[in-house]
Amino acid sequence: MINDSAVAAGVSAGGLGRAQLHELYHYLQLTRQVEQALTNLYRQNKVIGGLYRSLGQEATAVGAVYALRRRTDGTGDVLAPAIRNLGSLLLMGAPPAEVLRQYMAKGNSPTAGREQNVHITDYQRGYLAPISHLGTMIEILAGVALSFRMRGERRVALGFSGDGATSTGAFHEGFNFAAVQRAPLVVIIENNRYAYSTPIERQTACESFIEKAGGYGVWSECCDGNDVLAVFGMTRRAVERARAGEGAALLEVITYRRKGHAEHDPQHYVPAEELKHWQERDPVDAFERRLLAEGWATPDELETIRARVAEQVERARDQAESSPMPEPEGALYPVYGDAEIARPWTRLSLPDPHLA
Amino acid sequence: MINDSAVAAGVSAGGLGRAQLHELYHYLQLTRQVEQALTNLYRQNKVIGGLYRSLGQEATAVGAVYALRRRTDGTGDVLAPAIRNLGSLLLMGAPPAEVLRQYMAKGNSPTAGREQNVHITDYQRGYLAPISHLGTMIEILAGVALSFRMRGERRVALGFSGDGATSTGAFHEGFNFAAVQRAPLVVIIENNRYAYSTPIERQTACESFIEKAGGYGVWSECCDGNDVLAVFGMTRRAVERARAGEGAALLEVITYRRKGHAEHDPQHYVPAEELKHWQERDPVDAFERRLLAEGWATPDELETIRARVAEQVERARDQAESSPMPEPEGALYPVYGDAEIARPWTRLSLPDPHLA
Amino acid sequence: MATVKEQTVRPREKPEHVRHTELGKPVTLLEAIREALWEEMERDPTVFLLGEDIGSYGGAFKVTEGFLDYFGADRVMDTPISEAGFTGAAAGAAHMGMRPIVEMQFMDFVSCAYEPLTNYVATSRWRGSGPVPLVVRGPVGGGVRGGPFHSQNPEMAFFHTPGLKIVYPATAHDAKGLLKAAIRDDDPVLYFEHKKLYRLPALRETLPNEDFVVPLGQARVHREGKDITVVAYGMMVHESQRAAEQLEQEDGLQIEILDLRTLLPLDDDAIVQSVRKTNRLLVVHEDTRTGGIAGEIALRVSERAFEWLDAPILRVTAIDTPVPYSPPLEDYFLPQVSDIVTACRYLAKY
Amino acid sequence: MATVKEQTVRPREKPEHVRHTELGKPVTLLEAIREALWEEMERDPTVFLLGEDIGSYGGAFKVTEGFLDYFGADRVMDTPISEAGFTGAAAGAAHMGMRPIVEMQFMDFVSCAYEPLTNYVATSRWRGSGPVPLVVRGPVGGGVRGGPFHSQNPEMAFFHTPGLKIVYPATAHDAKGLLKAAIRDDDPVLYFEHKKLYRLPALRETLPNEDFVVPLGQARVHREGKDITVVAYGMMVHESQRAAEQLEQEDGLQIEILDLRTLLPLDDDAIVQSVRKTNRLLVVHEDTRTGGIAGEIALRVSERAFEWLDAPILRVTAIDTPVPYSPPLEDYFLPQVSDIVTACRYLAKY
Ligand SMILES: Cc1ncc(C[n+]2csc(CCOP(=O)(O)OP(=O)(O)O)c2C)c(N)n1
Ligand SMILES: Cc1ncc(C[n+]2csc(CCOP(=O)(O)OP(=O)(O)O)c2C)c(N)n1
Ligand SMILES: [Mg+2]
Ligand SMILES: [Mg+2]
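Protein chains in written order, with this note's numbering: chain A, 1 to 356; chain B, 1 to 356; chain C, 1 to 350; chain D, 1 to 350.
What the hints contain is simulated information worked out from the structure, not anything from laboratory work. Glycine is no exception: its CB is placed at the ideal position from the N, C-alpha and C atoms. Certain hints may be false.
[Stated by the list, open to error] No farther apart than 20 Å at their CA atoms in a straight line, the calculated lysine to any residue pairs in the SDA-like style are these:
hint	chain 1	residue 1	chain 2	residue 2
1	C	Lys62	A	Gly260
2	C	Lys62	A	Tyr52
3	C	Lys180	B	Asp338
4	C	Lys277	B	Pro351
5	B	Lys46	B	Glu327
6	C	Lys62	A	Tyr269
[What the hints assert, rightly or not] Far from chain B, by Cβ distances over 10 Å, these chain A residues were calculated:
hint	residue
7	Thr39
8	Asp73
9	Gly76
10	Gly93
11	Arg125
12	Asp224
13	Arg258
14	Arg289
15	Arg315
16	Glu327
17	Gly330
18	Pro334
19	Ser349
Please build the complete structure, drawing on both the sequences and the hints.
Next up, the structure:
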């Protein structure tokens with residue numbers, strides 16, 4: 001199924017064979033349909049907290065992560081998603097039911113309800129939970145990549161950064177350290193034109209985000225983020241360079257955030273024509289057209305994939321919905337490794353009654 | 001003396017007239033001789049704390065600041081020096097005796113002994129005390145420049161950053177904000193090859209520091225930092241662009257730190273040939289040769305300047321040495337504007353005696 | 001990407017949503033804050049706002065909704081995502097005579113500006129670089145299922161830094177009066193807005209139409225009582241009030257509630273005065289337990305009112321973990337009214 | 001600027017200056033730290049060092065002198081000036097099975113890494129991302145004329161963050177044993193080294209040649225006594241000792257000194273036990289006053305030993321300002337032996 005030789009096998013697009021192209025389509029569909037299920041659950045108040053969609057950007061996470069060595073035994077490449085990279089987790093093997101439970105704050109979610117949305121870690125599958133503070137994960141991933149280089153492991157770390165997150169000091173310090181250490185870190189700047197309501201023009205005065213690469217002395221490339229094969233190809237080049245010891249890379253994908261920052265944001269700051277322009281460039285539709293036009297898939301095959309995904313998501317939603325919320329004492333999950341350090345874990349501590 | 005028309009007046013080097021060239025020489029000499037006096041005082045344990053020399057880099061501070069509008073009434077350009085820009089303060093009008101008192105932690109120093117070395121603020125003359133944390137002043141200066149732009153004042157903020165300080169998140173966040181706001185901020189990266197013992201190769205993988213300009217979308221230039229006229233010319237172009245509303249600029253000067261990081265650093269990590277190479281390119285000697293070769297000054301004129309500076313420094317040192325140390329209670333200088341907030345300002349507070 | 005310059009035609013009229021008080025209508029805590037910002041910006045042209053998405057979006061919580069159109073992009077400035085950068089820049093502008101107000105989208109992100117705030121801003125006056133009249137404001141607090149990074153109470157990160165002031169209002173009146181005082185103050189002020197109080201209907205209050213300030217550094221007796229002093233702030237003032245009502249009904253206890261309002265400088269005069277009356281002290285804070293402000297309060301009381309204490313000083317706080325996301329966990333994490341009741345009963349019996 | 005790869009020929013022999021203990025010679029606090037680092041690096045190949053100028057320069061205080069030659073550039077890594085970046089990176093490496101030790105050139109600069117330490121590192125285990133076995137170490141403290149930014153005691157910036165541990169040794173023995181324990185601990189540890197104690201001849205001590213650790217979280221009775229408990233750490237242990245000796249001679253008082261050693265988690269068992277014996281408590285910290293650790297100690301004692309207290313809990317601390325540069329000012333700023341004497345006399349008479 002998912003395997004390394006994927007890259008070399010086929011003769012068609014980007015070296016990918018038919019089965020692999022179908023797999024890409026599967027994960028594009030899975031991402032979109034899981035998110036659609038989340039939107040429905042959100043409207044029913046079953047997603048706790050905000051919901052951040054990647055509608056129209058799915059090709060970035062899916063295409064990029066398809067270029068990684070995905071393993072389930074903790075020996076593969078490692079990534080940290082940003083908020084709009086749910087697809088990357090799915091492709092790394094996160095079961096949809098787990099993901100839905102996490103968004104629904106269930107007791108049997110990967111974090112047992114302590115954390116939210118894509119904040120999930122799985123060292124075996126190779127993904128690290130981000131924290132909300134933008135930029136921080138680039139620092140963390142610099143160290144992940146550094147450890148690979150230090151130990152001579154041919155593994156790569158992949159990070160995502162929003163256009164907005166590039167302005168953080170954390171992005172700068174983390175990426176510069178990786179660059180100077182020639183650590184195998186690939187960072188994809190997902191330029192979706194907005195950071196919340198802030199357009200890129202108020203984020204940076206640079207011509208394009210890969211202009212930043214020169215300042216770090218790293219390799220860079222930019223591509224159409226709504227073309228899953230382009231994203232895959234570009235990422236693969238960067239990943240294989242990094243794997244070969246040629247150091248970090250800074251990539252940019254040009255895409256667009258079709259929904260508001262989160263479901264609660266009506267995005268009134270977005271011009272209607274802009275939205276329309278990008279609707280017409282939907283990455284899933286575009287890939288579908290391409291698959292059919294090139295003869296890489298038949299309409300029936302695609303329909304089968306979509307139906308299989310729908311079923312999968314339906315089953316996952318049932319599993320998640322029927323899962324229990326956590327027990328309150330779950331909040332007492334240890335902050336320290338030493339079990340005995342427990343006393344201050346209380347809201348109120350009364351002196352021994354015999355003193356009273 | 002020091003005035004705006006300096007730039008336009010002469011017909012010789014960089015538009016500078018003879019008097020101005022002599023003035024530049026004066027300040028190069030003043031910087032070097034004040035620092036030499038400090039070294040002597042340091043050896044006598046009269047400089048409290050560390051001493052950070054700019055030997056071999058004096059042309060940067062002096063040449064750059066000569067391109068500013070210097071005023072004494074708080075309406076001119078504003079700068080924040082880094083640790084190796086003592087010359088910039090002198091050129092902005094800081095009296096040498098004040099500077100020496102500050103290094104000697106005297107009670108009548110500009111900070112009354114609370115702060116050290118170049119950490120001196122004078123809003124009238126236009127300089128802001130840095131803090132030790134590298135990069136922070138770029139944030140502060142971004143706001144200084146922003147306020148000029150917001151109020152339509154044709155003033156410019158000038159910042160210095162070491163090669164090492166460019167790696168800080170503060171540098172990135174501060175400069176990016178100024179760039180996107182087209183604030184009149186000029187930052188000079190003083191590439192002296194080392195940050196403490198760390199060579200630039202371990203600081204960044206970029207080809208040269210002005211490669212960073214593209215990532216911020218700003219104008220940039222690089223020049224020989226040991227050529228005072230080159231530094232002056234380059235800075236003047238950037239400053240006048242900024243003054244005209246064309247936004248921030250990132251400049252680089254190539255120079256060399258001839259002493260250790262501080263007087264206590266024997267710089268054993270520096271190759272002897274490297275040191276020799278740069279000794280031969282001493283910026284004061286080079287300017288002296290140029291002045292003579294071009295006929296801009298006679299040996300007598302230069303000797304007169306040197307003697308005048310020596311006398312000035314001698315007098316300043318006497319004044320500083322005879323100044324008293326501060327009274328201990330000077331530590332209680334207010335941290336708040338409200339005078340009554342004083343109670344916790346004590347090392348020990350005993351309950352009212354009638355309770356005991 | 002060339003910089004966009006908004007074309008702003010400044011409308012003549014103040015929009016409705018900042019005229020509640022003018023029209024004699026009650027305001028929520030959020031509206032009180034909004035009016036304070038607006039009025040101070042009208043009063044003083046050096047006051048300006050900067051932060052993420054505060055312009056056309058009006059801020060994540062819509063505090064500055066409508067400000068951009070009226071005041072223009074230079075006074076309502078959207079920033080890049082760089083809390084240290086724009087906080088430091090605000091300090092620089094403050095040096096030059098401006099009065100910047102920085103919005104943190106969530107106060108959780110003020111941790112990114114910890115360095116310039118504690119090293120540069122707090123020390124500036126003392127270092128001889130003059131005052132930094134700067135306000136850093138934004139939403140804090142839990143109970144809204146925001147998870148570990150949108151629910152923090154970061155007061156103790158700064159409480160230990162001489163030179164900063166920390167303000168944390170619990171009522172609409174105080175929110176407005178304290179914010180105005182903070183903006184006019186020459187010292188840097190961190191101003192915390194509990195996001196669960198922002199729109200709480202019970203906090204609606206009709207405010208005086210005249211300009212008023214609530215001086216910084218003064219606690220307020222929220223409820224008078226003679227039996228036990230409960231020191232609280234923010235959301236916990238209201239939780240303490242609920243506990244006090246229950247204790248009055250069920251136990252006949254008269255709880256005095258002191259709302260700190262300003263955490264730094266701490267109004268220990270008010271605390272000591274109350275404790276000398278009630279002889280019993282409970283501190284309630286939503287913040288986590290170890291290293292919370294209760295400790296400093298206990299020491300000040302020990303130093304100044306030890307002889308008046310008839311019982312140990314106790315505290316009700318959140319537990320020592322990050323703020324959990326899932327409702328049952330977060331509810332377990334946060335201080336409960338029942339905890340306050342239990343603590344007060346214990347103290348009363350002591 | 002291509003990356004330089006140091007050609008390191010790993011020497012066979014351990015250099016002299018990390019063999020003091022092996023040779024039965026007494027070590028200073030700094031040498032104890034150096035030996036601990038060296039031994040742990042030899043013991044465990046996943047241990048590595050990163051920080052500014054720790055390689056060929058051996059660190060600003062020469063703690064890692066000679067390490068680069070022996071262990072090579074990958075295990076003694078000079079970093080760009082980016083405390084947040086390399087601290088975050090250390091956390092990432094720790095996730096992958098490494099045991100990084102970060103040196104802050106001065107602990108004053110840990111403020112730059114406040115965000116990743118408090119948000120990412122401290123919460124990682126609880127968030128489900130596993131432990132972060134990471135040590136952040138470096139020089140702290142005043143008295144060396146370092147001025148406001150090379151003299152800080154930053155413990156209270158982190159004391160309030162569940163998930164972090166804070167260690168602050170006062171003796172060479174503890175410095176070595178605690179550092180080894182910290183490196184082997186699965187939780188992130190901030191390890192503070194008082195720069196004025198680094199080479200203090202009086203602290204020279206011959207250490208056991210066997211491997212030993214001093215467990216984290218346990219205070220130590222530095223001096224036994226029955227009249228007053230003085231809780232201190234770092235430099236203040238020694239200032240308290242001087243005061244205790246004076247008080248013994250001049251007043252016949254027997255002062256018990258408790259050296260906290262680990263600040264977080266706080267060993268309140270030890271404090272409470274001592275206070276139940278002496279019935280009087282003075283906390284001495286070099287750190288500034290408001291919001292210092294004395295508050296938390298006071299509250300824990302109030303919660304657990306109120307009935308044993310025969311006098312108010314007092315504290316001797318630095319004043320609430322930045323650390324001043326000029327000697328007369330810094331001496332006024334820092335807690336004095338005479339303050340401790342005064343406080344103890346007051347408590348004894350109470
Ligand atoms: C340090 C920090 N500041 C502010 C925020 C609040 N915030 C969350 S997402 C966001 C916008 C992010 O924009 P971008 O990086 O472009 O990512 P996108 O949402 O477009 O994928 C902001 C400001 C944050 N999470 N972290
Ligand atoms: C944030 C921070 N980290 C570390 C230091 C310690 N430090 C002081 S100067 C210095 C080297 C600075 O190098 P560079 O920026 O190149 O300036 P130069 O000394 O060469 O002029 C270091 C690491 C500091 N002051 N601030
Ligand atoms: Mg974006
Ligand atoms: Mg340098």
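Here is how each hint holds up against the structure:
no., hint, in the structure
1, Lys62/C / Gly260/A, "holds, 15 Å"
2, Lys62/C / Tyr52/A, "holds, 19 Å"
3, Lys180/C / Asp338/B, "holds, 16 Å"
4, Lys277/C / Pro351/B, "holds, 18 Å"
5, Lys46/B / Glu327/B, "holds, 17 Å"
6, Lys62/C / Tyr269/A, "holds, 14 Å"
7, Thr39, "holds, 33 Å"
8, Asp73, "holds, 33 Å"
9, Gly76, "holds, 26 Å"
10, Gly93, "holds, 34 Å"
11, Arg125, "holds, 31 Å"
12, Asp224, "holds, 22 Å"
13, Arg258, "holds, 25 Å"
14, Arg289, "holds, 36 Å"
15, Arg315, "holds, 45 Å"
16, Glu327, "holds, 40 Å"
17, Gly330, "holds, 35 Å"
18, Pro334, "holds, 31 Å"
19, Ser349, "holds, 26 Å"
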